[in-house]
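One line per chain: the protein sequences are B and E, in this order.
Per the numbering used here, the first sequence runs over residues 1 to 431.
Per the numbering used here, the second sequence runs over residues 1 to 431.
These are calculated hints, taken from the structure and not from any lab test.
Glycine residues also receive a C-beta, built at the ideal position from the N, C-alpha and C atoms.
You may find that some hints are simply not true.
Okay, the calculated beta carbon distance ranges per label pair [to be verified]:
1. Gln-384/B x Gly-83/E: 55 to 63 Å
2. Ser-257/E x Arg-67/B: 25 to 33 Å
3. Thr-116/B x Ser-257/E: 46 to 54 Å
4. Ser-280/E x Glu-293/B: 22 to 30 Å
5. Ser-378/B x Arg-274/E: 48 to 56 Å
Among the chain E residues that face chain B by a calculated CB cut under 8 Å, a handful are [to be verified]:
6. Ala-120
7. Glu-122
8. Val-319
9. Tyr-337
10. Pro-341
Below, computed lysine to aspartate or glutamate pairings styled on DMTMM-like, alpha-carbon distance capped at 25 Å [said to hold, decoys possible]:
11. Lys-123/E x Glu-97/E
12. Lys-154/B x Asp-29/B
13. Lys-242/B x Glu-183/B
14. Lys-242/B x Asp-403/B
15. Lys-154/E x Asp-29/B
16. Lys-154/B x Asp-404/B
17. Lys-154/E x Asp-28/B
18. Lys-154/E x Glu-431/B
19. Lys-154/B x Glu-97/E
20. Lys-123/B x Glu-86/B
21. Lys-154/B x Asp-404/E
22. Lys-154/B x Asp-29/E
23. Lys-242/E x Asp-328/E
24. Lys-123/B x Asp-328/E
25. Lys-242/E x Asp-391/E
26. Lys-123/E x Glu-25/B
27. Lys-242/B x Glu-431/B
28. Lys-123/B x Asp-29/E
29. Lys-123/B x Asp-74/B
30. Lys-154/E x Asp-404/E
31. Lys-154/B x Glu-293/B
32. Lys-242/B x Asp-339/B
33. Lys-123/E x Asp-328/B
34. Lys-242/E x Glu-293/E
35. Lys-123/E x Glu-291/E
36. Lys-154/E x Asp-328/E
37. Lys-242/E x Asp-403/E
There are 2 protein chains.
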Amino acid sequence: MMASLRVALLGCGVVGTEVARLLHEHGDDLAARAGARLELAGIAVRRVGRDRSITGVDPSLFTTDARALVERDDVDLVVEVIGGIEPARGLLLGAMERGASVVTANKALLAEDGVTLHTAAEKHGVDLYYEAAVAGAIPLLRPLRESLAGDRIKRVLGIVNGTTNYILDRMDSEGSSFAEALEEAQSLGYAEADPTADIEGFDAAAKAAILAGIAFHSPVVAADVHREGIADVTSADVASAKAMNAVVKLLAICELSPDGQGVGVRVHPAMLPRTHPLASVRGAYNAVFVEAEAAGRLMFYGPGAGGVPTASAVLGDLVTAARNRIGDAVGPRGSWYADRPVRPMGATVTRYHISLDVDDRPGVLAAVAAVFAEHDVSIETVRQRSEGPDDAELVVVTHQATDDALAATVDGLTRLDTVRAVLSVMRVEGE
Amino acid sequence: MMASLRVALLGCGVVGTEVARLLHEHGDDLAARAGARLELAGIAVRRVGRDRSITGVDPSLFTTDARALVERDDVDLVVEVIGGIEPARGLLLGAMERGASVVTANKALLAEDGVTLHTAAEKHGVDLYYEAAVAGAIPLLRPLRESLAGDRIKRVLGIVNGTTNYILDRMDSEGSSFAEALEEAQSLGYAEADPTADIEGFDAAAKAAILAGIAFHSPVVAADVHREGIADVTSADVASAKAMNAVVKLLAICELSPDGQGVGVRVHPAMLPRTHPLASVRGAYNAVFVEAEAAGRLMFYGPGAGGVPTASAVLGDLVTAARNRIGDAVGPRGSWYADRPVRPMGATVTRYHISLDVDDRPGVLAAVAAVFAEHDVSIETVRQRSEGPDDAELVVVTHQATDDALAATVDGLTRLDTVRAVLSVMRVEGE
Numbered sequence: 001m002m003a004s005l006r007v008a009l010l011g012c013g014v015v016g017t018e019v020a021r022l023l024h025e026h027g028d029d030l031a032a033r034a035g036a037r038l039e040l041a042g043i044a045v046r047r048v049g050r051d052r053s054i055t056g057v058d059p060s061l062f063t064t065d066a067r068a069l070v071e072r073d074d075v076d077l078v079v080e081v082i083g084g085i086e087p088a089r090g091l092l093l094g095a096m097e098r099g100a101s102v103v104t105a106n107k108a109l110l111a112e113d114g115v116t117l118h119t120a121a122e123k124h125g126v127d128l129y130y131e132a133a134v135a136g137a138i139p140l141l142r143p144l145r146e147s148l149a150g151d152r153i154k155r156v157l158g159i160v161n162g163t164t165n166y167i168l169d170r171m172d173s174e175g176s177s178f179a180e181a182l183e184e185a186q187s188l189g190y191a192e193a194d195p196t197a198d199i200e201g202f203d204a205a206a207k208a209a210i211l212a213g214i215a216f217h218s219p220v221v222a223a224d225v226h227r228e229g230i231a232d233v234t235s236a237d238v239a240s241a242k243a244m245n246a247v248v249k250l251l252a253i254c255e256l257s258p259d260g261q262g263v264g265v266r267v268h269p270a271m272l273p274r275t276h277p278l279a280s281v282r283g284a285y286n287a288v289f290v291e292a293e294a295a296g297r298l299m300f301y302g303p304g305a306g307g308v309p310t311a312s313a314v315l316g317d318l319v320t321a322a323r324n325r326i327g328d329a330v331g332p333r334g335s336w337y338a339d340r341p342v343r344p345m346g347a348t349v350t351r352y353h354i355s356l357d358v359d360d361r362p363g364v365l366a367a368v369a370a371v372f373a374e375h376d377v378s379i380e381t382v383r384q385r386s387e388g389p390d391d392a393e394l395v396v397v398t399h400q401a402t403d404d405a406l407a408a409t410v411d412g413l414t415r416l417d418t419v420r421a422v423l424s425v426m427r428v429e430g431e
Numbered sequence: 001m002m003a004s005l006r007v008a009l010l011g012c013g014v015v016g017t018e019v020a021r022l023l024h025e026h027g028d029d030l031a032a033r034a035g036a037r038l039e040l041a042g043i044a045v046r047r048v049g050r051d052r053s054i055t056g057v058d059p060s061l062f063t064t065d066a067r068a069l070v071e072r073d074d075v076d077l078v079v080e081v082i083g084g085i086e087p088a089r090g091l092l093l094g095a096m097e098r099g100a101s102v103v104t105a106n107k108a109l110l111a112e113d114g115v116t117l118h119t120a121a122e123k124h125g126v127d128l129y130y131e132a133a134v135a136g137a138i139p140l141l142r143p144l145r146e147s148l149a150g151d152r153i154k155r156v157l158g159i160v161n162g163t164t165n166y167i168l169d170r171m172d173s174e175g176s177s178f179a180e181a182l183e184e185a186q187s188l189g190y191a192e193a194d195p196t197a198d199i200e201g202f203d204a205a206a207k208a209a210i211l212a213g214i215a216f217h218s219p220v221v222a223a224d225v226h227r228e229g230i231a232d233v234t235s236a237d238v239a240s241a242k243a244m245n246a247v248v249k250l251l252a253i254c255e256l257s258p259d260g261q262g263v264g265v266r267v268h269p270a271m272l273p274r275t276h277p278l279a280s281v282r283g284a285y286n287a288v289f290v291e292a293e294a295a296g297r298l299m300f301y302g303p304g305a306g307g308v309p310t311a312s313a314v315l316g317d318l319v320t321a322a323r324n325r326i327g328d329a330v331g332p333r334g335s336w337y338a339d340r341p342v343r344p345m346g347a348t349v350t351r352y353h354i355s356l357d358v359d360d361r362p363g364v365l366a367a368v369a370a371v372f373a374e375h376d377v378s379i380e381t382v383r384q385r386s387e388g389p390d391d392a393e394l395v396v397v398t399h400q401a402t403d404d405a406l407a408a409t410v411d412g413l414t415r416l417d418t419v420r421a422v423l424s425v426m427r428v429e430g431e
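Just chain B, same shape as in the assembly:
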C-alpha cells in the first residue's frame, strides 16, 4: 500500500481554498508524483462556522487553533498561506522544530527573516520551500536555486507586481491617468481598496530581497531594498517614454556591483526600450529577466498572482517536499556563503531621463550641459521643444553614471535660474 503523509494547512483564504480543493481533485496524480498520498490533517482558520464548502474537504478539519495543529505528532508537512510576520513565523518555526517540512507563500516573512527560517530548516533536517512567494505560479526560485546553480547570475530584472503593471500598461495603451488606471484596477479586483503595498513598491521590494538573496548567495532583507513606487508617474512621463520608443515599468532590479563584490537591490519605475522582452509584458502578468554569465539572457513569464496560480506553486513545492520526505532526503539549503554586502543606492550605476521646463533663449543649453559636466555625467541625447514664446522643454537622456552623481546633477539643475522646473526624472534601464 502506498504511504501517506499528513498535511496541515494554515490559512484558508483565496490561496488556501484552492490548495485544499486541488489537493482533493488532483489527489491521485499528486500521490503518483510524490510517492505518497497527501492527506489533509487540518486547516487553521481565524473563524470556523463561515461557509467553507470546499469540494472534498471534511468540515471537521477546520480549527481555529493553528498552534495545536502544527504541534500534532501526525503532521508531516505544513503549508502556510496566512501571510504577515506573526503568527506565521512562530508557527513555521514550531512546525520545523517538531520535524515537519514547510511550504510557504509568505514573501513578507521570507524577506524579513529568511535566514532564521532557513537556519531552523537546516538545524531540524527539514525542507523549506517558498516558490509561491515570488511571481506566483511562475517557476522562478527553483530555476534560480537549482538550474542555475552552475552559473553566475549577474542581474535579475523583474516585473513582479501585477497591480502596478496593470496600471502602467493602461496608462501606456489607453492614455489613462494614474488615478483613472488605479480606479479601473480596483474595480477589476487587480488592486486592493488600500493599494499602498502595491503602489508604493513594498510588495515588489519584498520579492526583490528574496530574489537577490538567492541569486547572489547573500542575506538580503526588505529594508535593504531601495524603493520608489509609481504614484508619481504621470501621463507626461509615459508620453516621454513613448517618444523614445520606451515604456514605463515598475522594475525590481537585483545586480552585482561592477566589481562583483557587492549587491544592488532596488525597486522603482523605469523607462525600458520597447524591444526589451519585458516591455511586452501586459496587464497583470509578471515576468523576470535573468542575465547569467554562461546561460545568457533568460526570461520567465506568467501569472504573478491569483488564488489558483499561486496554489499551483504551493502544490509543486508540496510534492517536492513529500518526495524528499519519502526518500529520506532534503532539498537545497539556504545559501549565503558569498555574503556580499548590499551597496547603497547612490553607488548604483544607472541612466536618467530628465525633462526640464526652461527659458527659451540662447545659452540655456550651455548652462544645463555645464551642470552635467560638473558632475561627470555625460549626455547621450538632448531634445529641445519650444512650448511658447520664451518657454521650452528640454529632455535629456544621460549615459551611465552613479545614482549619486545623477541625483546631484538634478539638484544642480534645480538651482539654475534658467530652469523653471524639473518636470520629471526617471531612470532608464534594460540596455
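For this one, chain B is given, so just place chain E on it according to the hints.
Coordinates of chain E only, in the frame set by chain B:
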C-alpha cells in the same frame, strides 16, 4: 575539510570544452553550492594530441578510452556530451550500473530510449539529469518535473530549434527566401553544412518527445512525433501570415487529447498570431509556452543552443547531482504512471490556412465551400483576390477540426475543376 566528488567528462567538443573550463573557473562557487569540490577525473575524447589547451585542465586527463574512464571506481559523476545513441547509451548504462550519477545533454538518446535510462537510474539508486537536452540553457525540464508537479499540464508549445527560428525570422523580417535565409544562417554558424536535422524537424521532434513524456507522465519516443520541416515554407506563406497579422514559426506541440486520455505530439510550421508571446521570439532564441490547469499560461525564454549556455545547464544538473550524492539522496525519478497512448496526427484538432488558385467566375466559392461542408469543416474567413482576367486567389482559414477532416478537405479541393492549384496549406495555432 570539504568532501570532493570526481567527475568524468565524456566528450570535449563545443559543450564539453565549456563544461571543463567552467568547472575550473567557477570551482569555488560550485563547491560552496554543491557541498563538495568537483574534480575532473578524466575527459574522454576521440583523439588525444589535438590542441586542447583548456584553462585549468591538466593535459594528462585526456583519454580515448571512455569505457575505462566510466568504469573507474573513483568516479562519482559522469557528464556525457558526446551525443548520438551509441556509444553514449552503453557508457551511461555502464556508469549507472557502477553507481555513478549521470548528467547528459543527449536529446537523441533520451528521445529514443529514455525509459531504459530512467529504469537503470532507479535500479541503481543514482541520478539521471538532462536539462541541457531541451532548449539549451533555459531552465525547463526541472520546472516541468518539479515546479509544476502539483498541476496538470494541458499543452506545451515551443520554439525549440534556433536554426529554423532564425531562418523563419529572416523570412518574416527581411523578406528573404528560404534558400537565402538558410545560406545566411550557415554563414553565421547558426546552421550546419548539412542542415537536415534542423530543417526537417528531427532535432525539434526529439525535444518534443522528451517534453511530452515529462509533461504527461507517459512514455513518448521520437518516432511517435508527427514531423514536418520548414523546407517547403515559401515567401508567399510568410506573406499570407503577415496579411492575417500572424507569423510562421516551427512549433513543437505536445498536448492532451480533448478527452484527456491520449497525448498528441507534433512538430510542424504553423501560423501564430503576432499577439502570442511566442511570436516575438526572434533570431536563434528558443522559448517554450506552457498551459497548465492551475498555473495558467507560462513562458520560458532564452538561448536554446551554444556551447556556453548549454554548459550552464549541464553544470546546474551537476551541482544538483553532487548535492544529492553528498546528502545521500536522489532526485525525481522518471514518471510514466499515466501511460497515455500517443494519438495519431489525424485525430489532432487544429485549424488550417489554405491558399487556392481558382478560376475567377461565379459559383467557384460555392463549390469550394461545399467541399468544406462535406467534411464537416467550418470556415472562419474567406478572402478572394483577383489575380488576372479569369484568375483569383482564395484564402480560407478554417475553424477547428481534426487533421484527418482537414486533410480530406484539401484532397477534395484538389479534385475540383475550378481549383487550378492548392498554393499552400499551413496549420494555425495559438488561439
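Outcome of the hint check:
1. Gln-384/B x Gly-83/E: 55 to 63 Å: For Gln-384/B and Gly-83/E the Cβ distance comes to about 59 Å; the hint holds.
2. Ser-257/E x Arg-67/B: 25 to 33 Å: violated, 48 Å
3. Thr-116/B x Ser-257/E: 46 to 54 Å: holds, 48 Å
4. Ser-280/E x Glu-293/B: 22 to 30 Å: holds, 25 Å
5. Ser-378/B x Arg-274/E: 48 to 56 Å: violated, 38 Å
6. Ala-120: Hint violated; Ala-120/E Cβ to chain B Cβ min 18 Å, cut 8 Å.
7. Glu-122: Where the cut-off is 8 Å and the nearest Cβ of chain B is about 12 Å from Glu-122/E, the hint is violated.
8. Val-319: holds, 4 Å
9. Tyr-337: Cβ of Tyr-337/E sits 4 Å from chain B, so the hint holds.
10. Pro-341: violated, 17 Å
11. Lys-123/E x Glu-97/E: Holds, at about 8 Å.
12. Lys-154/B x Asp-29/B: violated, 38 Å
13. Lys-242/B x Glu-183/B: holds, 23 Å
14. Lys-242/B x Asp-403/B: Holds, because 23 Å separates the two Cα atoms, which is no more than 25 Å.
15. Lys-154/E x Asp-29/B: holds, 14 Å
16. Lys-154/B x Asp-404/B: Distance of about 22 Å is within 25 Å: holds.
17. Lys-154/E x Asp-28/B: Answer holds: Lys-154/E to Asp-28/B is near 17 Å, not above 25 Å.
18. Lys-154/E x Glu-431/B: Not OK: Lys-154/E and Glu-431/B at ~36 Å, beyond 25 Å, violated.
19. Lys-154/B x Glu-97/E: The given pair, whose Cα atoms are some 39 Å apart, is violated under the 25 Å limit.
20. Lys-123/B x Glu-86/B: holds, 21 Å
21. Lys-154/B x Asp-404/E: violated, 50 Å
22. Lys-154/B x Asp-29/E: Distance ~14 Å between Lys-154/B and Asp-29/E Cα, so the pair holds.
23. Lys-242/E x Asp-328/E: violated, 55 Å
24. Lys-123/B x Asp-328/E: At roughly 17 Å apart (the allowed maximum being 25 Å), Asp-328/E and Lys-123/B satisfy the hint.
25. Lys-242/E x Asp-391/E: This hinted pair holds, its Cα atoms lying about 23 Å apart.
26. Lys-123/E x Glu-25/B: violated, 32 Å
27. Lys-242/B x Glu-431/B: holds, 16 Å
28. Lys-123/B x Asp-29/E: holds, 23 Å
29. Lys-123/B x Asp-74/B: Status holds; Cα separation ~20 Å.
30. Lys-154/E x Asp-404/E: Satisfied, since the Cα-Cα distance of roughly 22 Å is no more than 25 Å.
31. Lys-154/B x Glu-293/B: With Cα atoms ~7 Å apart, Lys-154/B and Glu-293/B stay inside 25 Å; holds.
32. Lys-242/B x Asp-339/B: violated, 40 Å
33. Lys-123/E x Asp-328/B: holds, 17 Å
34. Lys-242/E x Glu-293/E: Distance of about 31 Å is beyond 25 Å: violated.
35. Lys-123/E x Glu-291/E: Given that 25 Å is the threshold and the Cα spacing comes to 33 Å, the pair is violated.
36. Lys-154/E x Asp-328/E: violated, 34 Å
37. Lys-242/E x Asp-403/E: Between Lys-242/E and Asp-403/E the Cα gap is close to 23 Å, so the pair holds against 25 Å.
Of the numbered hints given earlier, the model fails hints 2, 5, 6, 7, 10, 12, 18, 19, 21, 23, 26, 32, 34, 35 and 36; all others are met.
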